[in-house]
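Throw the hints in and build the complete structure from the sequences for me.
There are 2 protein chains.
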Amino acid sequence: MEFSELIKTATVEDALLLRPGLPALRGTLCITSHHLLLSCRPRGDPELWLLIRSVDAVEKRVSGSSGTITLRCKDLRVLQLQIPGAERCLNIASSIEALSSVDSVMMMFPFFYRPPSLRLEQGWHQFPLERFFQRISSQTSQWRLSTVNSDFSACPSYPPAVIVPAAVGDDTVARAARFRHGGRFPVLSYFHAKTGTALLRSSQPLTGHQRRRCREDEKLLGTLLDEGERGFIIDTRSEQAAKQARMSGGGTEPKSCYPQWRRLHRALERGRPLQESFTRLAEACSDPAPSTERWLSRLESSRWLSHVKAALSTACLAAQCLDRERSAVLVHGAEGTDTTLLVTALAQLILDPSCRSLSGFQGLLEREWIQAGHPFQLRCARSAAGHGRARQEAPLFLLFLDCVWQLSRQFPLALEFGEKLLLVLFDNAYASACGTFLCNCERERSLCKVRERTHSLWAWLDQPEERHKYLNPLYSHNPLVIWPSVEPQSIQLWQGLFLRWVRPSQHLDEAWEQIRRLVQGSSSCSEESSGERLGQPPPEPAEGTTEGTESGR
Amino acid sequence: MEFSELIKTATVEDALLLRPGLPALRGTLCITSHHLLLSCRPRGDPELWLLIRSVDAVEKRVSGSSGTITLRCKDLRVLQLQIPGAERCLNIASSIEALSSVDSVMMMFPFFYRPPSLRLEQGWHQFPLERFFQRISSQTSQWRLSTVNSDFSACPSYPPAVIVPAAVGDDTVARAARFRHGGRFPVLSYFHAKTGTALLRSSQPLTGHQRRRCREDEKLLGTLLDEGERGFIIDTRSEQAAKQARMSGGGTEPKSCYPQWRRLHRALERGRPLQESFTRLAEACSDPAPSTERWLSRLESSRWLSHVKAALSTACLAAQCLDRERSAVLVHGAEGTDTTLLVTALAQLILDPSCRSLSGFQGLLEREWIQAGHPFQLRCARSAAGHGRARQEAPLFLLFLDCVWQLSRQFPLALEFGEKLLLVLFDNAYASACGTFLCNCERERSLCKVRERTHSLWAWLDQPEERHKYLNPLYSHNPLVIWPSVEPQSIQLWQGLFLRWVRPSQHLDEAWEQIRRLVQGSSSCSEESSGERLGQPPPEPAEGTTEGTESGR
Numbered sequence: 000m001e002f003s004e005l006i007k008t009a010t011v012e013d014a015l016l017l018r019p020g021l022p023a024l025r026g027t028l029c030i031t032s033h034h035l036l037l038s039c040r041p042r043g044d045p046e047l048w049l050l051i052r053s054v055d056a057v058e059k060r061v062s063g064s065s066g067t068i069t070l071r072c073k074d075l076r077v078l079q080l081q082i083p084g085a086e087r088c089l090n091i092a093s094s095i096e097a098l099s100s101v102d103s104v105m106m107m108f109p110f111f112y113r114p115p116s117l118r119l120e121q122g123w124h125q126f127p128l129e130r131f132f133q134r135i136s137s138q139t140s141q142w143r144l145s146t147v148n149s150d151f152s153a154c155p156s157y158p159p160a161v162i163v164p165a166a167v168g169d170d171t172v173a174r175a176a177r178f179r180h181g182g183r184f185p186v187l188s189y190f191h192a193k194t195g196t197a198l199l200r201s202s203q204p205l206t207g208h209q210r211r212r213c214r215e216d217e218k219l220l221g222t223l224l225d226e227g228e229r230g231f232i233i234d235t236r237s238e239q240a241a242k243q244a245r246m247s248g249g250g251t252e253p254k255s256c257y258p259q260w261r262r263l264h265r266a267l268e269r270g271r272p273l274q275e276s277f278t279r280l281a282e283a284c285s286d287p288a289p290s291t292e293r294w295l296s297r298l299e300s301s302r303w304l305s306h307v308k309a310a311l312s313t314a315c316l317a318a319q320c321l322d323r324e325r326s327a328v329l330v331h332g333a334e335g336t337d338t339t340l341l342v343t344a345l346a347q348l349i350l351d352p353s354c355r356s357l358s359g360f361q362g363l364l365e366r367e368w369i370q371a372g373h374p375f376q377l378r379c380a381r382s383a384a385g386h387g388r389a390r391q392e393a394p395l396f397l398l399f400l401d402c403v404w405q406l407s408r409q410f411p412l413a414l415e416f417g418e419k420l421l422l423v424l425f426d427n428a429y430a431s432a433c434g435t436f437l438c439n440c441e442r443e444r445s446l447c448k449v450r451e452r453t454h455s456l457w458a459w460l461d462q463p464e465e466r467h468k469y470l471n472p473l474y475s476h477n478p479l480v481i482w483p484s485v486e487p488q489s490i491q492l493w494q495g496l497f498l499r500w501v502r503p504s505q506h507l508d509e510a511w512e513q514i515r516r517l518v519q520g521s522s523s524c525s526e527e528s529s530g531e532r533l534g535q536p537p538p539e540p541a542e543g544t545t546e547g548t549e550s551g552r
Numbered sequence: 000m001e002f003s004e005l006i007k008t009a010t011v012e013d014a015l016l017l018r019p020g021l022p023a024l025r026g027t028l029c030i031t032s033h034h035l036l037l038s039c040r041p042r043g044d045p046e047l048w049l050l051i052r053s054v055d056a057v058e059k060r061v062s063g064s065s066g067t068i069t070l071r072c073k074d075l076r077v078l079q080l081q082i083p084g085a086e087r088c089l090n091i092a093s094s095i096e097a098l099s100s101v102d103s104v105m106m107m108f109p110f111f112y113r114p115p116s117l118r119l120e121q122g123w124h125q126f127p128l129e130r131f132f133q134r135i136s137s138q139t140s141q142w143r144l145s146t147v148n149s150d151f152s153a154c155p156s157y158p159p160a161v162i163v164p165a166a167v168g169d170d171t172v173a174r175a176a177r178f179r180h181g182g183r184f185p186v187l188s189y190f191h192a193k194t195g196t197a198l199l200r201s202s203q204p205l206t207g208h209q210r211r212r213c214r215e216d217e218k219l220l221g222t223l224l225d226e227g228e229r230g231f232i233i234d235t236r237s238e239q240a241a242k243q244a245r246m247s248g249g250g251t252e253p254k255s256c257y258p259q260w261r262r263l264h265r266a267l268e269r270g271r272p273l274q275e276s277f278t279r280l281a282e283a284c285s286d287p288a289p290s291t292e293r294w295l296s297r298l299e300s301s302r303w304l305s306h307v308k309a310a311l312s313t314a315c316l317a318a319q320c321l322d323r324e325r326s327a328v329l330v331h332g333a334e335g336t337d338t339t340l341l342v343t344a345l346a347q348l349i350l351d352p353s354c355r356s357l358s359g360f361q362g363l364l365e366r367e368w369i370q371a372g373h374p375f376q377l378r379c380a381r382s383a384a385g386h387g388r389a390r391q392e393a394p395l396f397l398l399f400l401d402c403v404w405q406l407s408r409q410f411p412l413a414l415e416f417g418e419k420l421l422l423v424l425f426d427n428a429y430a431s432a433c434g435t436f437l438c439n440c441e442r443e444r445s446l447c448k449v450r451e452r453t454h455s456l457w458a459w460l461d462q463p464e465e466r467h468k469y470l471n472p473l474y475s476h477n478p479l480v481i482w483p484s485v486e487p488q489s490i491q492l493w494q495g496l497f498l499r500w501v502r503p504s505q506h507l508d509e510a511w512e513q514i515r516r517l518v519q520g521s522s523s524c525s526e527e528s529s530g531e532r533l534g535q536p537p538p539e540p541a542e543g544t545t546e547g548t549e550s551g552r
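Residue numbers (numbering that gives the first Met the number 0), protein chains in the order written: chain A, 0 to 552; chain B, 0 to 552.
Misleading hints may appear alongside valid ones.
[Claimed, not checked] Okay, the calculated bits of chain B under chain A, using three or more residues with CB under 8 Å as the criterion:
| # | segment |
| --- | --- |
| 1 | 127–134 |
| 2 | 269–280 |
| 3 | 293–300 |
| 4 | 493–501 |
| 5 | 509–520 |
Hints are computed from structural coordinates only; laboratory data are not their basis. No residue lacks a Cβ here, since even glycine has one placed at the ideal position from N, Cα and C.
Structure representation (structure tokens):
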């Protein structure tokens, strides 16, 4: 396939662009393999530079000799193009549609993007599991790094290296894998050093209607508990759904075979219902002039805030089992790639201060979402406007980001990063110039040579001129567990995301800018007082700036 | 009446106090004329020191040899007392009930409160109308200060001095007063210097079913408009309600008699429906474990956010007429003491940066709420839990504070004061140690000698150790009009007030404290750099601190 075959009309003069909250622009529209450009002046920089991949849905309307194209973007922005010439309009629309729907990974923009400021290999090896394991092995000898999956044969959606109980060999692990959906055998997600307990994740066991069992799986989980100890299995499906799964070969761990494990069911929505919730919420948010009653009733019927509450509650439950009950926890739903990761990643943010720094959070995303095999390509193929075509789409990752936002709102000092980072992650998960969120698992990434042939988003974000934008100027390391309030009254709509393009945030941005300036001024002040770097411009805020400020005062 | 007659049991040993989010306290309960005290140690300071006036409703439940009293406070806090001895419990409950219901103003605590740090006269003469008029008279000669009401004969609910059009004499004004409900003739509320237009307020005209007219009233309003000019009358009732008011002697300005004035109807709820809305919202907020759907549905059915939206929208309309249409505006509903003041006060905050400083805001409250005759004593006699008894109660002032909070959220830099001030104002409007919110109008305050015999809340708040608590550390003078977004999606529940006692705000408070420290550090830094006050502790943040910081960097 050549991109040029998909582009029926490459250039249109005198196109008009309408964007919410911004002045209209008239100029020359230009379609390239990956971008939609609009330039108002010849030879000037384009005023619009839109990655076509970020278009979620294209609507066209032709009347007389001109037409209007509405582009619903994956980041929830809505753009309108008025194009002279009905045929040209239809050509432009179908070109955008075709280019935005290319589903061959290696044809996507990250494989063509070559910014001069970055080298391809940068950022890809920032968070090796080996380093994560090092920390754990300094705290306990219960775990080992296994290469049982080095050729992706045990579990195609797991990364080559995983952490398993030291007491079981790779043979046992490989057999346990055959008893788990998609081969996702129980692996270590997080070790809670404070209580010496472990958080594991897997997929459902393949008990089926014959009630099969697997000694190796039972042994793998059994070695984790001493005599008399109890562990918790948090199943992210309702009890009924877990039972029904037996019909299609799945199921759940029977008490009789896993006597020391107690099962708790916490039904979390995923798949179609979650995608529909997202769509309904996005529609409600773009309703131009609802009454307050209609707005609240649409907000309620979207059920999005219920999903946020349920995810946070279940993560708190897992965290409580580890921190207060001092018990091991295994989390799984059916496939172990969606709500499972939502719960384990959130639980770690709640429990572990090292996940709340900027690089710690990036490491968490690498471990618990990207390398753990959340199928980003399937789940984020379309966003809120892509209904109808949706098969495998579901905004699990957005739900995670929303929960993180709720944490950041309830604990304004606890996270080193701010809302802007969460927005950038959302945008890049759905359409990106970088390769970080491409493909569905490490195996696919390795086949496509994503690490060799695309840039890492982490490298991009780590550039000093980028990095400072995403920092929370109020951050101050909090060594404690942060227990969020999960009462419905405490869960708020994430306006910064859902109303980003319809409500200007200029004044809130100014406030953050003001706080940022204060922190900078304050840190430069403490340096001046101590006689260093006198007269130099204030430095970029760096990790621990606010702490430095306090101790410097 | 003697207080001692109302106190049936003055002391109970071994009472247990339960408060949300705080540890239980056991100690000696003591009732004085104005306070409920609980002391855990003999001769120690009491741990609870509750103004009995702030109790909104008392519920008692006796079982066996002990009883439980639930105190619902006007600030929405709920306290529980467990009292040994059924009879003592009933006695305590009825004592609290009687003391909290004393309705003679001069028996209230402000007449007995004598803090050593303040003098009685302090703060009472901080905001004379004369000073407000001075500013106006430097900008236009269209207005004059009238003493037509110096003996409260023209309008019992107006203050002695009012601002009226310079072109009409006091005779005309006095006759116009007889044509307005309660004598509330049109007076100047605010002069918008930028466009040279005036905001007026009054009550409804007494047209009645005979369609009476009053030349003097017509003349008073007529002098404001040159030939060809147009003014707007914003009636805060629906058109139908305004027409129906003729039956009871009221009505609205007919086009034929006020040809240059165009009437706009914007129905704002007041009275019983508003009070019920408040009660329903407070009940929903204290629901201990609703589902997200139930919470959102109760929030919706309380209609509180609709009232916030409607108030802000109407204020924006008034502000737009003044600022964009360059037209004079008269606001009134029926009595001109409730929604009228809500709209005129909010419009000024939106338009005029001088109302957004701490002292400017206090001055606005003095002029547009207290001296303008909002009947605080009637409206704030009971709060959300006082249903059933409510006759004249309505949370108009709370609705105003909520709208101000919405402004502060949408424009985080624009107001010099923060949420804490709004909370203190809410608390003091319903129960206070100071006299500022006592009585219903200046005439009553003068009869009770409130200014001579009680302390002013403004004096209390102006003490340096108090004042700094209420400042917004991010404040930076914004000379522009601040147009709020009034879409339902932009209106949020004021959690700081409605969930104050059920959701701990510790982490948010810490964030503000952090910002405050940064601002202080930053201002002390700029002083150090300039060589002044070296080595002195950081000063209290004062007006313009943040600006000073910027220019100092």
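Cross-check of the supplied hints:
Coverage of the segment 127–134 of chain B by chain A is violated [criterion: at least 3 residues with CB-CB distance below 8 Å; count 0]. Residue count for the segment 269–280 of chain B with a Cβ under 8 Å from a Cβ of chain A: 0. That is fewer than the three needed, and the coverage hint is violated. Coverage of the segment 293–300 of chain B by chain A holds in this model, with 6 residues showing a Cβ closer than 8 Å to a Cβ of that chain against a need of three. Residue count for the segment 493–501 of chain B with a Cβ under 8 Å from a Cβ of chain A: 3. That meets the three needed, and the coverage hint holds.
Only residues whose beta carbon comes within less than 8 Å of a beta carbon in chain A count, and the segment 509–520 of chain B has 8; three or more means the coverage holds.
The earlier numbered hints that this structure contradicts are 1, 2.
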